[in-house]
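Since chain B is already given, all that's left is putting chains H and R on it; use the hints.
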Amino acid sequence: MQQAEARTQPQTTGPQNTWPQNAWYVACTSAELAVGEGAKPLGRQICGERVVFYRDGEGRVAALEDFCPHRGAPLSLGFVRDGHLVCGYHGLVMGCEGRTVSMPEQRVDRFPTIRRFPTIERYGFVWIWPGDPERADPAKLHHLPWAESPDWAYGGGLYHIQCDYRLMVDNLMDLTHETYVHAGSIGQKEIDEAPVETLVEGEEVITRRFMEGVSAPPFWRMGLRGAGLPEDSVVDRWQICRFNLPSHVMIEVGVALTGQGGYAADRSVKASSIVVDFITPETETSHWYFWGMARNFAADDAALTDTIREGQGKIFSEDLEMLERQQQNLLRHPDRRLLKLNIDAGGVRSRMLIDKAIREEQGA
Amino acid sequence: MQQAEARTQPQTTGPQNTWPQNAWYVACTSAELAVGEGAKPLGRQICGERVVFYRDGEGRVAALEDFCPHRGAPLSLGFVRDGHLVCGYHGLVMGCEGRTVSMPEQRVDRFPTIRRFPTIERYGFVWIWPGDPERADPAKLHHLPWAESPDWAYGGGLYHIQCDYRLMVDNLMDLTHETYVHAGSIGQKEIDEAPVETLVEGEEVITRRFMEGVSAPPFWRMGLRGAGLPEDSVVDRWQICRFNLPSHVMIEVGVALTGQGGYAADRSVKASSIVVDFITPETETSHWYFWGMARNFAADDAALTDTIREGQGKIFSEDLEMLERQQQNLLRHPDRRLLKLNIDAGGVRSRMLIDKAIREEQGA
Amino acid sequence: MQQAEARTQPQTTGPQNTWPQNAWYVACTSAELAVGEGAKPLGRQICGERVVFYRDGEGRVAALEDFCPHRGAPLSLGFVRDGHLVCGYHGLVMGCEGRTVSMPEQRVDRFPTIRRFPTIERYGFVWIWPGDPERADPAKLHHLPWAESPDWAYGGGLYHIQCDYRLMVDNLMDLTHETYVHAGSIGQKEIDEAPVETLVEGEEVITRRFMEGVSAPPFWRMGLRGAGLPEDSVVDRWQICRFNLPSHVMIEVGVALTGQGGYAADRSVKASSIVVDFITPETETSHWYFWGMARNFAADDAALTDTIREGQGKIFSEDLEMLERQQQNLLRHPDRRLLKLNIDAGGVRSRMLIDKAIREEQGA
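Protein chains in written order, with our numbering: chain B, 44 to 407; chain H, 44 to 407; chain R, 44 to 407.
Next up, chain B with everything else stripped away, as it sits in the complex (with noise of 0.2 Å):
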């Protein structure tokens, strides 16, 4: 039996892509890998390509195309023994840089490599680099220093929707639909009425409201309970959302007292947090959405966590109908132009950000 040698290259990027490959995106959470003997790893499309994820023998992540290079098994069927990944069908033994590492009664010194991919594991999250893994520098990984910090705590989720992950920057971007999704529990009619401002920083996108003495909406009433503050205080509300490289998008939120300087005021008068958002792509028309909220007041009240996580869920998926019937209705309707008014600035400006990255990596 002759053995096939060709070693499997990267992909190069095509001008197909809608997304950069030379960037950090989140893969999973790191409570989504679980670890030792006999762990099940996981299968999660990214960027376009099958990837299995699992746990060496020193729990450190590993991601390899998901594709025995025996049979084109899945390896995410298999399992891990003594830091292995052992594919399911017929026990060939992967290692973590793509090399079979052994096969019953099998020479596996020819056997052609599979991809595998960089990745970090940081913040609580699994970091893929889709792109080439020459190129792939830590350094590049988006800071979170609330990540880091006991002042915070975080609670989020992951929801798998059926649409270009642009059109859930655009969404996250422009917060004036706060008003019409989310009617019931952060939308208010002063954030259409506030000026937004958009403003480009270097690789960061920046929209940003200011409300000034306005009723808190239920939302914001629970984080002021949570804060120790008086849930009918009248306050000042801000919204700060911001565009980062590959698809992320972290917005400052937050009320404080009416007067006391609103999103400068002092911690004790004010509840703020940050809505996290890390929007994977999956295939061209979906995507793995990362949400969560970090907070910095009553970081050890971990049912207050709880309460805010099942909130932000359900708000949340108040988006996911909308988005997904947008995509069918502009799959539908390919060339027609869309509006791209001073609210979508955000959301505009982000895309030229990826536009840029995309066209630099294939002129690269």
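In case anyone wonders, no lab produced these hints; they're calculated from the structure.
Quick reminder that beta carbons are idealized off the backbone N, C-alpha and C, glycines included.
Worth double-checking, as some hints may not be accurate.
[As the list claims (entries may be wrong)] Below are the SDA-like pairs computed for lysine to any residue, each with C-alpha atoms no more than 25 Å apart in a straight line:
no.: 1; chain 1: R; residue 1: 232; chain 2: B; residue 2: 127
no.: 2; chain 1: B; residue 1: 357; chain 2: H; residue 2: 122
no.: 3; chain 1: R; residue 1: 232; chain 2: B; residue 2: 81
no.: 4; chain 1: R; residue 1: 83; chain 2: H; residue 2: 85
no.: 5; chain 1: H; residue 1: 232; chain 2: R; residue 2: 136
no.: 6; chain 1: H; residue 1: 383; chain 2: R; residue 2: 151
no.: 7; chain 1: R; residue 1: 232; chain 2: B; residue 2: 144
no.: 8; chain 1: R; residue 1: 232; chain 2: B; residue 2: 122
no.: 9; chain 1: B; residue 1: 383; chain 2: H; residue 2: 153
no.: 10; chain 1: R; residue 1: 357; chain 2: B; residue 2: 285
no.: 11; chain 1: B; residue 1: 232; chain 2: H; residue 2: 150
no.: 12; chain 1: H; residue 1: 383; chain 2: R; residue 2: 139
no.: 13; chain 1: H; residue 1: 232; chain 2: R; residue 2: 127
no.: 14; chain 1: R; residue 1: 83; chain 2: H; residue 2: 150
no.: 15; chain 1: R; residue 1: 83; chain 2: H; residue 2: 372
no.: 16; chain 1: H; residue 1: 232; chain 2: R; residue 2: 99
no.: 17; chain 1: B; residue 1: 232; chain 2: H; residue 2: 122
no.: 18; chain 1: R; residue 1: 83; chain 2: H; residue 2: 358
no.: 19; chain 1: R; residue 1: 383; chain 2: B; residue 2: 150
no.: 20; chain 1: R; residue 1: 83; chain 2: H; residue 2: 373
no.: 21; chain 1: B; residue 1: 83; chain 2: R; residue 2: 228
no.: 22; chain 1: R; residue 1: 383; chain 2: B; residue 2: 127
no.: 23; chain 1: R; residue 1: 83; chain 2: H; residue 2: 222
no.: 24; chain 1: R; residue 1: 383; chain 2: B; residue 2: 357
no.: 25; chain 1: B; residue 1: 83; chain 2: R; residue 2: 226
no.: 26; chain 1: B; residue 1: 232; chain 2: H; residue 2: 144
no.: 27; chain 1: B; residue 1: 357; chain 2: H; residue 2: 372
no.: 28; chain 1: B; residue 1: 83; chain 2: R; residue 2: 363
no.: 29; chain 1: H; residue 1: 383; chain 2: R; residue 2: 156
no.: 30; chain 1: R; residue 1: 232; chain 2: B; residue 2: 150
no.: 31; chain 1: H; residue 1: 383; chain 2: R; residue 2: 153
[As the list claims (entries may be wrong)] If you anchor each label on the Cβ, the simulated ranges turn out as follows:
no.: 32; chain 1: R; residue 1: 79; chain 2: H; residue 2: 395; range: 40 to 46 Å
no.: 33; chain 1: R; residue 1: 327; chain 2: B; residue 2: 246; range: 45 to 51 Å
no.: 34; chain 1: R; residue 1: 188; chain 2: B; residue 2: 371; range: 55 to 61 Å
[Claimed, not checked] Per the computed footprint, the stretches of chain H lying under chain B, defined by three or more beta-carbons under 8 Å from a beta-carbon of chain B, are:
no.: 35; region: 111-121
no.: 36; region: 126-132
no.: 37; region: 147-158
Showing chains H and R alone in chain B's frame:
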């Protein structure tokens, strides 16, 4: 931010249409469109077009392209406020002519318009004209005398069927299928045996059968009881199917005590009704089937209306699998010629009227 | 009304077929075809063809194209009357040769015929010849001696699997997968370690393994008990896989008390059986998997037959996800070369026979 200025045009009728565009189709029942503040609109695809239906402040029906000119969200996910349709994503307020009325903090005068579709609400239905609005003529709407008379009662329902609407026309214009598909309710051997006659009178195709001295099948035993006649009577039975453009089939059906004149017998010795079928294309291979029955006996008996609706709904559901599986077979064998027997003449002639109407509007 | 006169021809075998057309395939079990007046026929796609199966007045099986020549309805929605298949739409009566027998009030002599497929009922199965009827030769049907002997018992089932039938052939001609896919029932480490031998004898591919002095895995502990032997015996175990065209795999499996001659040991000291696999293509990427087990111990023990069927059904269901996901992976990577190791030789040689048969019938 620049604004798109293109005004969307009605799509010209392409050669691929299998239905006339310039005609009145039933889009929904009046009851499907809620009235008043906050009412949810109805999204439905008609003749290939995604349409949103709602009632304005005076309760008048409006029908628009289900596509918000801002970002392409479906307007059918929005709500009605002050008689206008509000997009549920970012609050764009759309007018019933397809022009944006307002949007929070925006100038909307140069927003692109969206298509509006002429509608008429009559006979308990909302009718839509999917073609050229300039040619929409209320006089062309199918006149239904029974729907305006207090001597008649009507009950019906709606099925969504995955087949070309013309297969349903064929089905209804050849009632020999009753003997096989509806053996337990309205089928009887004498249908097959009675000679069928098909004629074309102007724009109407008529297929008819008369059966004399037969026993009544279960459905008509119920009809005789409802009309206060002995259910085990020997009867004369008739079926007169009338096709009218674009895709309506009205079937006069009934039984009379035998020898009393049959179809022409006095009301006191017969039970008769009209099977009402509005067959509205959704796509090339699916349609909305509005079925019902109008009867001119016991018109005040609401319980009987319910009983008949339930019975008819059950009978018509028996056609669904057959038609959908027939469609699948035909799609697999697009070049196979089908037979055109005398019993198929009703469907064949109806399709000739349809084809002629399509050719004429494409030539126009 | 004119009548179509075209007679449908058997489709010539195109280059796209991945299976031989001129061969006997298992279509269904005898039990799947009801007998008698009003019996429902069975619709099933075999080798790309939609076929309707039923029994005529004498209980003989007929197989026809599942397409009524009248309007294309599936004949499988009809029923059997007076030994003929009656279309459930308009009552066309079809004969077992594909010629219309009658239709209410119609002359049918010029109706087009539909394809009929040669069938044989034998061994509890209905076999179909999807290719040229002229070449259908009963002598070519796979001979199954165990199915005709009172010393043997058989039990089995049917799975519908979404993968190329050849992936199932590969699966069954390389039993090293048992160690991984079926670790809890029939897998054991010694399978991997035993040398595998593959040979081709005429039109048969044989792959075999012998394991001496091993402990019996759970399934065979049950087999030993069933054969009246101590379940914790040290045993010699064998697996002899035989592939025959078009897609049948018979696997002689068993255990004997160690040192008594293994496969050749006397019946009194062994438990042995034949794993029976008929793998019938449905489409290029799906198949019908008729699995079962024939055993020549305790042949009268019907309860044991049930126990084995249940156990085997559970084991074989473990292959489903693996094979279907493997298929998806291969569809995503059509150009990826797979390895052909010594353990894969059985599948590789079987595919060579398949390819040769396809080439020969295309040349013919």
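The hints, checked one at a time:
{"no.": "1", "hint": "R:232 with B:127", "in the structure": "holds, 18 Å"}
{"no.": "2", "hint": "B:357 with H:122", "in the structure": "holds, 20 Å"}
{"no.": "3", "hint": "R:232 with B:81", "in the structure": "holds, 16 Å"}
{"no.": "4", "hint": "R:83 with H:85", "in the structure": "violated, 41 Å"}
{"no.": "5", "hint": "H:232 with R:136", "in the structure": "holds, 15 Å"}
{"no.": "6", "hint": "H:383 with R:151", "in the structure": "holds, 12 Å"}
{"no.": "7", "hint": "R:232 with B:144", "in the structure": "holds, 18 Å"}
{"no.": "8", "hint": "R:232 with B:122", "in the structure": "holds, 16 Å"}
{"no.": "9", "hint": "B:383 with H:153", "in the structure": "holds, 12 Å"}
{"no.": "10", "hint": "R:357 with B:285", "in the structure": "violated, 53 Å"}
{"no.": "11", "hint": "B:232 with H:150", "in the structure": "holds, 18 Å"}
{"no.": "12", "hint": "H:383 with R:139", "in the structure": "holds, 23 Å"}
{"no.": "13", "hint": "H:232 with R:127", "in the structure": "holds, 18 Å"}
{"no.": "14", "hint": "R:83 with H:150", "in the structure": "violated, 67 Å"}
{"no.": "15", "hint": "R:83 with H:372", "in the structure": "holds, 19 Å"}
{"no.": "16", "hint": "H:232 with R:99", "in the structure": "holds, 23 Å"}
{"no.": "17", "hint": "B:232 with H:122", "in the structure": "holds, 16 Å"}
{"no.": "18", "hint": "R:83 with H:358", "in the structure": "holds, 20 Å"}
{"no.": "19", "hint": "R:383 with B:150", "in the structure": "holds, 12 Å"}
{"no.": "20", "hint": "R:83 with H:373", "in the structure": "holds, 22 Å"}
{"no.": "21", "hint": "B:83 with R:228", "in the structure": "holds, 20 Å"}
{"no.": "22", "hint": "R:383 with B:127", "in the structure": "holds, 23 Å"}
{"no.": "23", "hint": "R:83 with H:222", "in the structure": "holds, 17 Å"}
{"no.": "24", "hint": "R:383 with B:357", "in the structure": "violated, 51 Å"}
{"no.": "25", "hint": "B:83 with R:226", "in the structure": "holds, 15 Å"}
{"no.": "26", "hint": "B:232 with H:144", "in the structure": "holds, 18 Å"}
{"no.": "27", "hint": "B:357 with H:372", "in the structure": "violated, 44 Å"}
{"no.": "28", "hint": "B:83 with R:363", "in the structure": "holds, 18 Å"}
{"no.": "29", "hint": "H:383 with R:156", "in the structure": "holds, 15 Å"}
{"no.": "30", "hint": "R:232 with B:150", "in the structure": "holds, 18 Å"}
{"no.": "31", "hint": "H:383 with R:153", "in the structure": "holds, 12 Å"}
{"no.": "32", "hint": "R:79 with H:395: 40 to 46 Å", "in the structure": "holds, 43 Å"}
{"no.": "33", "hint": "R:327 with B:246: 45 to 51 Å", "in the structure": "holds, 48 Å"}
{"no.": "34", "hint": "R:188 with B:371: 55 to 61 Å", "in the structure": "holds, 59 Å"}
{"no.": "35", "hint": "111-121", "in the structure": "holds (count 8)"}
{"no.": "36", "hint": "126-132", "in the structure": "holds (count 4)"}
{"no.": "37", "hint": "147-158", "in the structure": "holds (count 5)"}
Against the hints set out earlier in the document, violations occur for numbers 4, 10, 14, 24 and 27.
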